[in-house]
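Visitor: Those protein sequences? They're chains L and E, same order as listed.
Residue numbers for the first sequence follow the numbering used here, so the first one is 1 and each next one is one higher.
Residue numbers for the second sequence follow the numbering used here, so the first one is 1 and each next one is one higher.
One thing to keep in mind: the hints can contain errors.
[What the hints assert, rightly or not] DSSO-like mimics (lysine-lysine), calculated; alpha carbons at most 30 Å apart, straight line:
id: 1; chain 1: E; residue 1: 150; chain 2: E; residue 2: 209
id: 2; chain 1: E; residue 1: 223; chain 2: E; residue 2: 236
id: 3; chain 1: L; residue 1: 510; chain 2: E; residue 2: 510
id: 4; chain 1: L; residue 1: 223; chain 2: L; residue 2: 180
id: 5; chain 1: L; residue 1: 41; chain 2: L; residue 2: 236
id: 6; chain 1: E; residue 1: 150; chain 2: E; residue 2: 15
id: 7; chain 1: E; residue 1: 180; chain 2: E; residue 2: 150
id: 8; chain 1: L; residue 1: 510; chain 2: E; residue 2: 509
id: 9; chain 1: L; residue 1: 538; chain 2: E; residue 2: 274
id: 10; chain 1: L; residue 1: 369; chain 2: L; residue 2: 266
id: 11; chain 1: E; residue 1: 274; chain 2: E; residue 2: 180
id: 12; chain 1: L; residue 1: 15; chain 2: L; residue 2: 266
id: 13; chain 1: L; residue 1: 510; chain 2: E; residue 2: 538
id: 14; chain 1: L; residue 1: 509; chain 2: L; residue 2: 524
id: 15; chain 1: L; residue 1: 524; chain 2: L; residue 2: 266
id: 16; chain 1: E; residue 1: 509; chain 2: L; residue 2: 509
id: 17; chain 1: L; residue 1: 369; chain 2: L; residue 2: 223
id: 18; chain 1: E; residue 1: 180; chain 2: E; residue 2: 370
id: 19; chain 1: E; residue 1: 524; chain 2: L; residue 2: 510
id: 20; chain 1: L; residue 1: 15; chain 2: L; residue 2: 411
id: 21; chain 1: E; residue 1: 150; chain 2: E; residue 2: 236
id: 22; chain 1: E; residue 1: 370; chain 2: E; residue 2: 509
id: 23; chain 1: L; residue 1: 509; chain 2: E; residue 2: 236
id: 24; chain 1: L; residue 1: 524; chain 2: E; residue 2: 510
[As the list claims (entries may be wrong)] Negatives, chain E to chain L, calculated, CB over 10 Å:
id: 25; residue: 25
id: 26; residue: 175
id: 27; residue: 192
id: 28; residue: 232
id: 29; residue: 347
id: 30; residue: 479
id: 31; residue: 507
id: 32; residue: 524
id: 33; residue: 533
id: 34; residue: 535
id: 35; residue: 556
To be clear, the hints were calculated from the coordinates, so they are not data collected in a lab.
Source: prediction; values computed, not measured.
From the three backbone atoms N, C-alpha and C, an ideal C-beta is built for every residue, glycine too.
Protein chains: 2
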Amino acid sequence: MRVADYMMKFLAERKADRFFLLTGNGAMYMNDAIAQQPSIKYYCARNEAAAPMMAESFARLTGRLGVVCVTSGPGSTNAVSGLAEAWVDSAPIMIISGQAPSDQIPQREEARGVRSFGTAGIDIIPIVAPMTKYAVTIESPESIRYHMEKAYHLATTGRPGPVWIDVPMDMQYAMIDPDKLRGFTPALEPTAPATGAVEQVIALLSKAKRPLIIGGHGVRQGKAVELFTQLVERTKIPVAFSRLGQDMLPFSHPLNMGHVGRRGMKYSKPLLAKPDLIITLGSRLAVSLAGSNLDHFAPDAAVVMVDIDPAEIAMLSNRLNVPIRADVRVFLEHLLAGLSQTKLPDWSAWTAECQRLKAANPMLKPEQKKDPIDLYYFMSRLDAAATARHVLTTDAGSNFYVGGQVYHFEKGQREITSGAYAAMGLSIPLAIGAAVANPDGQVLAVTGDGSLELNIQELKTLSYYGFNVKLFVINNGGYASMRNWQDSFFEGRRIGSDDDTGAEMLDLKKVAETFDLPFVLMEKSDLIDQQLREIISKDGPVFVEVVCDSTQVIVQPYLETALSS
Amino acid sequence: MRVADYMMKFLAERKADRFFLLTGNGAMYMNDAIAQQPSIKYYCARNEAAAPMMAESFARLTGRLGVVCVTSGPGSTNAVSGLAEAWVDSAPIMIISGQAPSDQIPQREEARGVRSFGTAGIDIIPIVAPMTKYAVTIESPESIRYHMEKAYHLATTGRPGPVWIDVPMDMQYAMIDPDKLRGFTPALEPTAPATGAVEQVIALLSKAKRPLIIGGHGVRQGKAVELFTQLVERTKIPVAFSRLGQDMLPFSHPLNMGHVGRRGMKYSKPLLAKPDLIITLGSRLAVSLAGSNLDHFAPDAAVVMVDIDPAEIAMLSNRLNVPIRADVRVFLEHLLAGLSQTKLPDWSAWTAECQRLKAANPMLKPEQKKDPIDLYYFMSRLDAAATARHVLTTDAGSNFYVGGQVYHFEKGQREITSGAYAAMGLSIPLAIGAAVANPDGQVLAVTGDGSLELNIQELKTLSYYGFNVKLFVINNGGYASMRNWQDSFFEGRRIGSDDDTGAEMLDLKKVAETFDLPFVLMEKSDLIDQQLREIISKDGPVFVEVVCDSTQVIVQPYLETALSS
Numbered sequence: 001m002r003v004a005d006y007m008m009k010f011l012a013e014r015k016a017d018r019f020f021l022l023t024g025n026g027a028m029y030m031n032d033a034i035a036q037q038p039s040i041k042y043y044c045a046r047n048e049a050a051a052p053m054m055a056e057s058f059a060r061l062t063g064r065l066g067v068v069c070v071t072s073g074p075g076s077t078n079a080v081s082g083l084a085e086a087w088v089d090s091a092p093i094m095i096i097s098g099q100a101p102s103d104q105i106p107q108r109e110e111a112r113g114v115r116s117f118g119t120a121g122i123d124i125i126p127i128v129a130p131m132t133k134y135a136v137t138i139e140s141p142e143s144i145r146y147h148m149e150k151a152y153h154l155a156t157t158g159r160p161g162p163v164w165i166d167v168p169m170d171m172q173y174a175m176i177d178p179d180k181l182r183g184f185t186p187a188l189e190p191t192a193p194a195t196g197a198v199e200q201v202i203a204l205l206s207k208a209k210r211p212l213i214i215g216g217h218g219v220r221q222g223k224a225v226e227l228f229t230q231l232v233e234r235t236k237i238p239v240a241f242s243r244l245g246q247d248m249l250p251f252s253h254p255l256n257m258g259h260v261g262r263r264g265m266k267y268s269k270p271l272l273a274k275p276d277l278i279i280t281l282g283s284r285l286a287v288s289l290a291g292s293n294l295d296h297f298a299p300d301a302a303v304v305m306v307d308i309d310p311a312e313i314a315m316l317s318n319r320l321n322v323p324i325r326a327d328v329r330v331f332l333e334h335l336l337a338g339l340s341q342t343k344l345p346d347w348s349a350w351t352a353e354c355q356r357l358k359a360a361n362p363m364l365k366p367e368q369k370k371d372p373i374d375l376y377y378f379m380s381r382l383d384a385a386a387t388a389r390h391v392l393t394t395d396a397g398s399n400f401y402v403g404g405q406v407y408h409f410e411k412g413q414r415e416i417t418s419g420a421y422a423a424m425g426l427s428i429p430l431a432i433g434a435a436v437a438n439p440d441g442q443v444l445a446v447t448g449d450g451s452l453e454l455n456i457q458e459l460k461t462l463s464y465y466g467f468n469v470k471l472f473v474i475n476n477g478g479y480a481s482m483r484n485w486q487d488s489f490f491e492g493r494r495i496g497s498d499d500d501t502g503a504e505m506l507d508l509k510k511v512a513e514t515f516d517l518p519f520v521l522m523e524k525s526d527l528i529d530q531q532l533r534e535i536i537s538k539d540g541p542v543f544v545e546v547v548c549d550s551t552q553v554i555v556q557p558y559l560e561t562a563l564s565s
Numbered sequence: 001m002r003v004a005d006y007m008m009k010f011l012a013e014r015k016a017d018r019f020f021l022l023t024g025n026g027a028m029y030m031n032d033a034i035a036q037q038p039s040i041k042y043y044c045a046r047n048e049a050a051a052p053m054m055a056e057s058f059a060r061l062t063g064r065l066g067v068v069c070v071t072s073g074p075g076s077t078n079a080v081s082g083l084a085e086a087w088v089d090s091a092p093i094m095i096i097s098g099q100a101p102s103d104q105i106p107q108r109e110e111a112r113g114v115r116s117f118g119t120a121g122i123d124i125i126p127i128v129a130p131m132t133k134y135a136v137t138i139e140s141p142e143s144i145r146y147h148m149e150k151a152y153h154l155a156t157t158g159r160p161g162p163v164w165i166d167v168p169m170d171m172q173y174a175m176i177d178p179d180k181l182r183g184f185t186p187a188l189e190p191t192a193p194a195t196g197a198v199e200q201v202i203a204l205l206s207k208a209k210r211p212l213i214i215g216g217h218g219v220r221q222g223k224a225v226e227l228f229t230q231l232v233e234r235t236k237i238p239v240a241f242s243r244l245g246q247d248m249l250p251f252s253h254p255l256n257m258g259h260v261g262r263r264g265m266k267y268s269k270p271l272l273a274k275p276d277l278i279i280t281l282g283s284r285l286a287v288s289l290a291g292s293n294l295d296h297f298a299p300d301a302a303v304v305m306v307d308i309d310p311a312e313i314a315m316l317s318n319r320l321n322v323p324i325r326a327d328v329r330v331f332l333e334h335l336l337a338g339l340s341q342t343k344l345p346d347w348s349a350w351t352a353e354c355q356r357l358k359a360a361n362p363m364l365k366p367e368q369k370k371d372p373i374d375l376y377y378f379m380s381r382l383d384a385a386a387t388a389r390h391v392l393t394t395d396a397g398s399n400f401y402v403g404g405q406v407y408h409f410e411k412g413q414r415e416i417t418s419g420a421y422a423a424m425g426l427s428i429p430l431a432i433g434a435a436v437a438n439p440d441g442q443v444l445a446v447t448g449d450g451s452l453e454l455n456i457q458e459l460k461t462l463s464y465y466g467f468n469v470k471l472f473v474i475n476n477g478g479y480a481s482m483r484n485w486q487d488s489f490f491e492g493r494r495i496g497s498d499d500d501t502g503a504e505m506l507d508l509k510k511v512a513e514t515f516d517l518p519f520v521l522m523e524k525s526d527l528i529d530q531q532l533r534e535i536i537s538k539d540g541p542v543f544v545e546v547v548c549d550s551t552q553v554i555v556q557p558y559l560e561t562a563l564s565s
């Protein structure tokens, strides 16, 4: 059996059987092995940059490893864009790259500085190592089982993340006997909280007057959504979310305070100023949520942070009262067990105070149903039109911020977006990965007319495979977010953000036609609901231009004057 | 003065005043400083991936530093694709990136593993360090002069290459007194050949019967084209070229044996088998030229290699008889001085033998003027239509190989293409950089219909700025190169290379219209010359679809049976 065939069989057996790739000479035997493995379905991206984004979305929705195959050299470096996304948002993906034959890779120390290997090869491992949990060039055919097992284990356990296996041409076709290969035995990583930690949390809870739970992506990644909901119901503590946590609970839930932070709910600032105890679960408390060094948090609040990643805990350790390195799921099991013996305080007055704050500060007011379309209104109607079979995706810019402020997730729809990185052009590849993950469902993808261009080539991937993706492209004159900061910080000195400074936009109807997508124009707020119903009722891809107000202002709770509760 | 303004003034003073960028929040003060520096002209790319490719082309044509500015996080990781190109092809460019504020970057050791910084930031330096000559995050405002001087020096001296300066937000706007900053004093790097080396070369020459000179990119990079030509004229030795060296001498020159290697002249194999002495100047003797470990070279030939990069010499040291680490220009000065005292052998019989080989093996035969258009014929006519004011660009795939086989450079036209990496989608960004470098000239850019998609967004950059670029898109049914290897190695098992396996192509006329480019269809070989005259006679961008034979076979000298001389 060829090494390449062994690899594909290994992955297929673990249901890591959806591949995103761009074929290429340097990966030819792996490409051939993919084509020959019957249970693998592969999808061709049009630029390697987008393939890991597709795999990320697939992995985050299914909990299965997403796989990418790229060729050597440019294929590999192109994939770095998507790799970075998967790294910062903790998606378990594996990237397999072709590489020059072993005898074209320098062996002697003095030659290590050569800039390229063979024909169109590069030493990819040092480049990607900082963004992967494991990255290795295969140096002997017999090591393949060890490296595949180790890479698979690391990608899918602990804080998930990408791994990279680089396979020189001669290794791809080398013959092995699968029964004679050395395996990998994982070291046992601690997943339970340290002794006494749960008791400490219970003690803090017992004397807290205004506790707040914050839920993040790690809850989902740790397959602990149900336990998390049990905790909320058991304790009756108000709960707020990071962007990647917000789809875990319907916004109408009386304890749900929604997504908080710099571009979270309007009342984020007063809400986060009040608690005397904050328990954060599977959220790294990013600057966008909690400010630098948690300076958005009430100065007198005790902060409990439960996270699987010790680096994230160390980053904030000056401000954490109880840092707990643990798998959120294991922690919640322990905590719920501990709480079953505990009588908790009555927090109903505090809860009522939170509910008044929420009720008094809606993100959307009736007068925002107007023309030109207000992005808050459109995004809110999109969320309302979604059902449990829908996945929402967004990318950088206004649509990302607004989605994070008006999506309510009442029907159990999921969101896949970028938590840490917010790359322009992410939404289309995320939508494709979501469509592969969710073949019986539908994807509602939103992108900006500026962002659209960064992965515009993948529109053809949408149409070619006929994915059930409805793509809403916000026409706000392009780069609206950038104009906003240029106007506010630099007295309107613009650069690369409008027609005169290099950012003239494309005619979106022509774009849709060129990439073989049916086109719909949406420009009247009165017609949005009806148009959405029609669009959603059909299968297959649609490109919808949504003409929005080009002067849209994004609500930024930490730039506004304090709100009263 | 803000640090950002100091940086832009520093660059402008060194004529590093053409910037390629995509604006972004994380680089906002640098963006503003660029907009305010009167002598800087900036060009907005539509994806950061393409910006370093544009800067590379500008730098290689002008000899000036090309500059790129990107935002933090995704802006930075997107730029890795282009950075890798500039690295492997030795282009002096500087990439300036925005970064999160310093207080959002981990200081303590245990937190170094955090995956992202601030809002949409990443620790970019470890990622790009393997592909740069210098890469640094600015940690104090007062260090800016030191780092800019050091980076500028390293990018532009020795073997040129990219450098990266990462600037946290608070550093960008920090105020400095430019007169009070510490500077950088470069260490003196050896550029002259070791004592005795030139004499050794002269001694080898004096007894050689069949010497061959090979000229590479380093001759151009070392500003030694004129000295190189003097050497050829003085010695009357036949000369062959690597791909990036081939535009230094017209192909009709009696001593010019053209571009040799795996996809070089048809007679590459017999030619390289004959010499008893090979002197290679500024060529790293890539696998594509010389095989693995120079196994394409005559086993009994003595090999002299002159290169500025000690790693490239170390890579081949097993096979080199005289390795000379030196600046090609300094070496040539010494060698020409030494030769002025030397009587060289008469190599006219050997030269005549080479000339017979060349005459007997043309790359293009009259019957290749046919329909559907033979790519060899088209590329040859394109070369013939070019003048001294033209720059030719190509990218990966068939057009790259064929250009390297039929371009003759009779009128001093230049070529900018990828020597080491051959990325798909490179041609359009290279053409844009060439247009900026060569504002009174014209660029003839060729790309494939597969490659086109990888940077298709930059078509709008072409039309927006009205660059004088004629883009020829080879319609050969997409991914012709990939079908070739799939059919020959894997019994026709295709993956991602045709309509049925994921690579259905776009309608090119629609693409041109969508990106606001005038469109011309070329599909008759009889009309090519006339159409080229018309296209070239006008200013501004044009998109030309060239319908070619989808079964085109590329000449591969090392896969064919030996040719007689």
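Visitor: Is the straight-line distance between the alpha-carbon of residue 510 of chain L and that of residue 510 of chain E 30 Å or less?
Guide: holds, 8 Å
Visitor: Is the nearest CB of chain L more than 10 Å from the CB of residue 232 of chain E?
Guide: holds, 27 Å
Visitor: Does the alpha-carbon distance linking residue 509 of chain L and residue 236 of chain E stay inside the 30 Å limit?
Guide: Violated - the C-alpha atoms of residue 236 of chain E and residue 509 of chain L are around 62 Å apart, more than 30 Å.
Visitor: A cut-off of 10 Å on Cβ-Cβ distance, and residue 535 of chain E was said to be off the interface with chain L. Does that hold?
Guide: Residue 535 of chain E is indeed farther than 10 Å from all Cβ atoms of chain L, at 22 Å.
Visitor: Sort out whether residue 209 of chain E lies within 30 Å of residue 150 of chain E, counting only the CA atoms.
Guide: Since the Cα atoms of residue 150 of chain E and residue 209 of chain E sit roughly 46 Å apart, the hinted pair is violated (cutoff 30 Å).
Visitor: For the pair we were handed, residue 150 of chain E and residue 15 of chain E, check the Cα-Cα distance against 30 Å.
Guide: Cα-Cα ~17 Å, so holds.
Visitor: Does residue 236 of chain E lie within 30 Å of residue 223 of chain E when you go C-alpha to C-alpha?
Guide: Holds, at roughly 21 Å.
Visitor: Are all C-beta atoms of chain L more than 10 Å from that of residue 524 of chain E?
Guide: holds, 25 Å
Visitor: Is the hinted pair residue 524 of chain E and residue 510 of chain L satisfied, with a Cα-Cα distance of at most 30 Å?
Guide: Distance ~28 Å between residue 524 of chain E and residue 510 of chain L Cα, so the pair holds.
Visitor: With a cut-off of 30 Å on the C-alpha distance, tell me whether residue 510 of chain L and residue 509 of chain E pass.
Guide: holds, 11 Å
Visitor: Is it true that the CA of residue 509 of chain L sits at most 30 Å from the CA of residue 524 of chain L?
Guide: Roughly 17 Å separates the two Cα atoms, so the pair holds.
Visitor: Between residue 15 of chain L and residue 411 of chain L, is the straight-line Cα distance small enough, at 30 Å or below?
Guide: holds, 28 Å
Hints 1, 4, 5, 9, 11, 12, 17, 18, 21, 23, 25, 30 and 31 from the list above are not met by this structure, while the remaining hints are.
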